[in-house]
Structure formats: structure tokens, C-alpha cells
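Participant: Given chain Z, work out where chains S and X should sit, using these hints.
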Amino acid sequence: MAFDYDQYLRVDRLPHIWCPGCGHGIIFKALLRSIHGLEIDKNDLMLVSGIGCASRLPGYADFNTLHTTHGRALPFATGIKVMKANLHVIVTSGDGDAVAIGGNHFIHTCRRNIDMTLIVFNNSIYGMNGGQVSPTTPYGSFASTAPWGNLSVHFDFMKLAQGAGATFVARATTYHVKLLEKVITQAIAHKGFSVVEVLEDCPTAYGRRNKMRGPVQMMKFWKDNCVMIDALDKLPLEEAKEKIPIGIFCQTTRQEFTDEQHQVAQRAMGEE
Amino acid sequence: MSGPKFKSGLRLMSGNEAVAEAALYAGCRFFAGYPITPSTEIAEVLSKRLPQVGGFFLQMEDEIASMAATLGASLAGAKSMTATSGPGFSLKQENIGYGCIAEIPCVVVNVQRGGPSTGIPTGPMQGDIMQARWGTHGDHPVIVLYPDGVEDAFWETIRAFNLAERYRTPVILLTDEVIGHMRERMFLPKPGTVSIYNRRKPRRIPEKYYPYQGGTQDVPTMAPYGEGYRFHVTGLFHDRTGFPTNEPAEIDAEMRRLLRKISRAYNDIVKWEELFMDDAEEVIVAFGCTARSARAAVKRLRARDRKVGLFRLKTVWPFPERALIKIAKRAHVKKMLVPEMNNGQVLFEVERVAGRYCDVEGLQRLDSEMITPRQIIRALREN
Amino acid sequence: MKAETTKEAPKKKGKKVKGPPQIVVNTAFCKGCGICVEFCPKNVLAMKGAKAVVIALDECIECMFCELRCPDFAIAVYPAEG
Numbered sequence: 001m002a003f004d005y006d007q008y009l010r011v012d013r014l015p016h017i018w019c020p021g022c023g024h025g026i027i028f029k030a031l032l033r034s035i036h037g038l039e040i041d042k043n044d045l046m047l048v049s050g051i052g053c054a055s056r057l058p059g060y061a062d063f064n065t066l067h068t069t070h071g072r073a074l075p076f077a078t079g080i081k082v083m084k085a086n087l088h089v090i091v092t093s094g095d096g097d098a099v100a101i102g103g104n105h106f107i108h109t110c111r112r113n114i115d116m117t118l119i120v121f122n123n124s125i126y127g128m129n130g131g132q133v134s135p136t137t138p139y140g141s142f143a144s145t146a147p148w149g150n151l152s153v154h155f156d157f158m159k160l161a162q163g164a165g166a167t168f169v170a171r172a173t174t175y176h177v178k179l180l181e182k183v184i185t186q187a188i189a190h191k192g193f194s195v196v197e198v199l200e201d202c203p204t205a206y207g208r209r210n211k212m213r214g215p216v217q218m219m220k221f222w223k224d225n226c227v228m229i230d231a232l233d234k235l236p237l238e239e240a241k242e243k244i245p246i247g248i249f250c251q252t253t254r255q256e257f258t259d260e261q262h263q264v265a266q267r268a269m270g271e272e
Numbered sequence: 001m002s003g004p005k006f007k008s009g010l011r012l013m014s015g016n017e018a019v020a021e022a023a024l025y026a027g028c029r030f031f032a033g034y035p036i037t038p039s040t041e042i043a044e045v046l047s048k049r050l051p052q053v054g055g056f057f058l059q060m061e062d063e064i065a066s067m068a069a070t071l072g073a074s075l076a077g078a079k080s081m082t083a084t085s086g087p088g089f090s091l092k093q094e095n096i097g098y099g100c101i102a103e104i105p106c107v108v109v110n111v112q113r114g115g116p117s118t119g120i121p122t123g124p125m126q127g128d129i130m131q132a133r134w135g136t137h138g139d140h141p142v143i144v145l146y147p148d149g150v151e152d153a154f155w156e157t158i159r160a161f162n163l164a165e166r167y168r169t170p171v172i173l174l175t176d177e178v179i180g181h182m183r184e185r186m187f188l189p190k191p192g193t194v195s196i197y198n199r200r201k202p203r204r205i206p207e208k209y210y211p212y213q214g215g216t217q218d219v220p221t222m223a224p225y226g227e228g229y230r231f232h233v234t235g236l237f238h239d240r241t242g243f244p245t246n247e248p249a250e251i252d253a254e255m256r257r258l259l260r261k262i263s264r265a266y267n268d269i270v271k272w273e274e275l276f277m278d279d280a281e282e283v284i285v286a287f288g289c290t291a292r293s294a295r296a297a298v299k300r301l302r303a304r305d306r307k308v309g310l311f312r313l314k315t316v317w318p319f320p321e322r323a324l325i326k327i328a329k330r331a332h333v334k335k336m337l338v339p340e341m342n343n344g345q346v347l348f349e350v351e352r353v354a355g356r357y358c359d360v361e362g363l364q365r366l367d368s369e370m371i372t373p374r375q376i377i378r379a380l381r382e383n
Numbered sequence: 001m002k003a004e005t006t007k008e009a010p011k012k013k014g015k016k017v018k019g020p021p022q023i024v025v026n027t028a029f030c031k032g033c034g035i036c037v038e039f040c041p042k043n044v045l046a047m048k049g050a051k052a053v054v055i056a057l058d059e060c061i062e063c064m065f066c067e068l069r070c071p072d073f074a075i076a077v078y079p080a081e082g
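Chains as they are written, first to last, in my numbering: chain Z, 1 to 272; chain S, 1 to 383; chain X, 1 to 82.
Once the Cα atoms are required to be at most 16 Å apart in a straight line, the calculated EDC-like pairs of lysine to aspartate or glutamate come out as:
no. : chain 1 : residue 1 : chain 2 : residue 2
1   : S       : K48       : Z       : E260
2   : Z       : K243      : Z       : D233
3   : S       : K299      : S       : D278
4   : Z       : K42       : Z       : D6
5   : S       : K208      : Z       : D62
6   : S       : K208      : S       : E227
7   : S       : K335      : S       : D279
8   : S       : K326      : S       : E281
9   : S       : K329      : S       : D359
10  : Z       : K223      : X       : E38
11  : Z       : K42       : S       : E227
12  : S       : K335      : S       : E361
13  : S       : K208      : S       : D239
14  : S       : K335      : S       : E351
15  : S       : K7        : Z       : E271
16  : Z       : K241      : Z       : D230
17  : Z       : K42       : S       : E207
18  : S       : K329      : S       : E351
19  : S       : K326      : S       : E273
20  : S       : K335      : S       : E382
21  : S       : K5        : Z       : E271
22  : S       : K335      : S       : D359
23  : Z       : K243      : Z       : D156
24  : S       : K329      : S       : D279
25  : S       : K48       : Z       : E271
26  : S       : K307      : S       : D279
27  : Z       : K220      : X       : E38
28  : Z       : K178      : X       : E62
29  : S       : K329      : S       : E281
On the chain S side, residues computed to face chain Z include the following (Cβ under 10 Å):
no. : residue
30  : F57
31  : L58
32  : S66
33  : M67
34  : N95
Calculated from the structure, these hints are not laboratory results.
Here a beta-carbon is modelled for each residue, glycine too, at the ideal position from N, C-alpha and C.
Chain Z on its own, in the form it takes in the complex:
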């Protein structure tokens, strides 16, 4: 059945500003379906973002929404979550926002294991600003500030998040929409800091400079090159090395930051 997105949208703000073929809308829709599936009340959901295309998302959604400064969505969200622990806090962030200017906040939020969800819209480029190289631009790719090709290797979000201590780490793509919805749902339901990286496309700022003919060709790349992480072992080693794993990389539990904060307050208040 057609999903009624309107119930979660600020319909008068649409259509959105994203370019034809931009993956952001696909992720946005998966997020709304996940929230619906979890039966979260609109008043209990907090969407926070930084700066960039992905950060315009909260403005379209009928929740508590906050559009902050570049890279700083996570610490803003941390302040909110500590004060209002009952809120489901979800941060939408681009790759530059999350791990370039916001990289320090990213690793420390992972470390704290605060009960929030970060969805990284990874299109390998600074889209809104016009196609500058980002920390997730592949080595050798072209960008407006990498006219000779990108000279450095891109971040691996999955390793970064796990290394820093996130307790739920998953990756999906805009092609694998069902997986996308599933991992976002599990991420929001997870108690602790959850990171979902979504591989997606920026036809305007990335595709154009890298000989990809359009959104369709870009999306086919994910179809042809991604493999579920569990299935990776079954492939011959040479083939497996070429593939991009998707799915859930890590799902563990440990003490959660807000709980700890509240327990400390309880203990301190009780002392005479």
C-alpha cells in the first residue's frame, strides 16, 4: 500500500530543494517509514542537523527540528538528549558535516555511547557548496577543489565508528531501500549511539565531474558492487576485496551516557 508520508511532512515546505536524482529524498522516506513502524509519537522525536544538503531535511519533517551550525549537530543533540532523555534524537548529517568539520564530535559521541542515532548521508562530496573534495571522496576522484584528482584515501565510516565505540554500526545504500529502512529502524530502536552510513549519489556535484552519466548509472554502481556483509565470506577472496560490504557491522550493548548522567544525579541528590 502506498505509504502516507504526508502525516510526517510539513507539506507546505515541499517540494524539497534537492536536485533530480539526489539520494537524500530516498533516505528521508526510509527514515519516515522507520519512525512510523516504531510508532513513535511526533512530539517525542527530535531531528537535529548541521549544515549542508542533508541538513535541510529536518525543515521538511513535522517533528521537533533543529538546524544548527556546520559540523556541530551532535553536541547540540547531546545537550538536548541529556536534558530530555525521553526524546528519540536523530541526527542527519552529510559526510563533510559528520567527519570533516564534525569529526571530533563524531568520535566522541561514539565514545560516550549516548542513546541517539546518526544517519550519515554519504555522497562523497560537498554538494550544497558546489562539489568540493570531502573526507569520503574516493582516492583519485575529481572535485572542484581536487582538479587533479583526490590525493588522499577516504574515511571508512564503519571502522571509524566501531573504533570510536559506537554500539550499533550499519551501512546501506539508496538502491537497497528495504535494507535501509530495516537498519534505520534497528538503529533508532537500539539503546546507545547508533551510526547508519548511507551510500548515495550526488549527480550534480559528484557524478558530473566523475564521468557518471546520471543518477541511474550512479545507483547501478551500488547495485553491482555492494554485498551483504554476511555474504562476503562466501565470495572468493579476490572478488570480495572489490566489493563494498553493507548490512549491520556491529551491534553490542554497554552503559549508556544519559542513563549514567541521571544515575549520578540520583546518587548525588541522595547524599547528605
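Facilitator: Chains S and X only, in chain Z's frame:
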């Protein structure tokens, strides 16, 4: 309230401790900070004290995150504070601007040290006067208070919270290394006896709530997140709904309201102290630790029948220009002397305001040592 | 079966309608990226100018992928009842 929560009575405290304790009296329940000399004791005290009153202390990964978390907590309904010193104050500036345009009440303490850059972490200076005014980019309203001792730091901190809440804006509390680290005897009041202002919440139903509709005082009411008002907050220019706008007329109206809400409240915000001012021919305009030397100088000179008075800024910004003009216009006022531990940041303002009515002289020290009463007396004699 | 290009929903959204599936393209929102057309397993959709149109509704197997992958809230699929 008693027990470990609030111990009223006579206490020996440092300025930093007084700021931390005052924050609790004012209702602060969230602090996010990053260690930096000479402000660190504020964080240390609050890390212990906040949980005792049911509040939360967060040591963040950096100064920027501290400012961001402070704003986030305020949006969620808490009175919140952060504290820092020069280099950290520089780092916080972008998010302070966010607090101004998004109209988020909070208190930012800057215990000034020598600068620029790392400067002298353990020594006082007063070089952040202009940064407190213009540190973040773009035109923005600002409230900056500057106490001159431990007890004053306590009361000005409470005033900072009250102003932040009343005018929905970040308030900067400047102190300096001397004020922060000196210990003085002070009287801690009974908690219920302190006058506290809490932000006005909307009375309208959520469907009719506009988070940026100014109302009669140009200050919008503020709903905390998560209580049924699903509104949008952005650092982009926005209209009364909170959603971004590119319409020049709407931008103009919002910007002018933002500036007006502070400028029209001059009488409520701008405070100063006068000492021997009634017949003063020479006026010392001073603030912070320098005002302590100025007070001593005034007393010594009065003992020698010199007609010297002290005008101490308690509010630095908005600048108390109406009060100073009135004084400068008095027929018997011949001169104003502005001693300060910077290269003349307040001198510049006093010249602008009073320069056409009387002589204005400066006295500056840039070596991170306090200006002494003797230097001030000598400066008055020489001029 | 005639191509369905109306931008009005057939009935109330979220309610099943009787008869064959219906695919509604909101042409005001469609930005013409072509993703729905390319990944439809049955070639139900095609590009006409810069907008997606339904050309073979009878072939639709109601997999919903066009709706799920549309970035622009522009396609709604209403499966047949029963």
C-alpha cells in the same frame, strides 16, 4: 533547601567558585565545558555541585562542542552555562552567533587572560572587551556584564541568567584572572530570597505558536523541545515561524527586531556603580579588577581633597553611553581617565561618547600585571 | 489500460482501492531523475519529457520499488485489493 545543596551564610570563596555557586542559585541545571586556565575551577565546582541539585555536567571534547551542547540544553528547557577563557572564547564565537539569531538563552563566562593566542594563561588581561561585543560575525545584539570582585561576581552571574531568560539571548559574563582566582569573604544568601526570572513559555496552543513572533517587548515566548510544540529552529534568516526565508522585507524585520529587543531594554540591562561622583571633576571609568585599583586611588585622592570619582561599568555592552554623556556634560567634570589592561578598547568608546564634552585620557598596561592605584594617581597628576 | 498520469490520488491516501493497482505520479514533484523507470522490473514506467509516466500498468507486480526509490515523494502505488 539545606544540607549539601545550598549552604547559605558567610563563606570564603574565589570568584570562579562564586560564579559556579551563583549559577545554581539562578537555576542553572546544565553546564558543558572544556578545561582552560584560568576558568577551570568553574567546571570543577559544577562537576560536583550540579548533580547534587539534579543537574548535569558535561566535559565536552572541545570548546565548540561545549557551546553547542549548552545551546542544545537550553532549547530543551534548561538554564545552561559554559565557561572558558580567551582561546576558548574565540572558538565558541560561531555558536554564540547561533545563540543570538536563534534567540537561545544561556550564559557564557569568559575569565580573561592575556592574549592574543595562548598569550599568558595564568595572568590577567582585559583584552576581550571588543571580542565580547563583536566576536561573532554579522550584526547581533549582545549583553556583557563584568563584575569587580567575588561578591559582585555572584550577583552578576545571577543577573546574567535573569537577563538571558528575560531577553532570550546569550549573555556573556566577563571576569578576569584576578577576579576568578582571588578569594574574598562573601555572604551566600538563602536560596529562596534571590530574585529569579524564568523564560516565558507560550500560552497559545501549539498550532498557533510562532517561535519568533516578538510580541510587545520584541521578545518571543519560548517553548522547550519535546512538550508538544513541534517547531523549527535554524541559524538561517527566518520569519516568525522559524522557517528560513530569503525575502528581504522579512529578513529586515527580523534583524531589526533582534537588535531592538536589547536596545529598547537599555534601562533594565545597563548598570553601573558610582563612587564620589556628585562633585567629581575627574572621573575614572573602570571595570573588573582595574576598578579595584581605581577605587583605592579615588579614596586616597579624596583624602587629599582631590575631587575624583569612580564610574564603574557593571554592564559593558550595551555601553552605558546615556549615563556617561550625562556625567560628561556636567559643568564640573573636566576629565575622564580610562585605565584598562588592554590597548584602549573602552577608552575608544568613552572618547566616542564623552570626547566632545570633556578631556578623555587612557592608561594602558599590556604586560599582564595589574594597574596599581599609584599608577592611576600618577596618571591623573601628569595630565 | 490507459496510462495513468493524473496527479490526484484516486481515493484517500493509505486506503486500498478496488480493481487493478494504481500508480500515481505527482508531476508537480517529479524531477525526472528516471530512477523509477530504470529499476522497475516490469517496465511499467517510462520517461515522457522530463516526467515519469505509467505505460504498462497491467504488468505491475506491486513490488513498490518505484515508490520506495523515488527521491521526490512523487510516486504512490495503490495495490489492487484481494
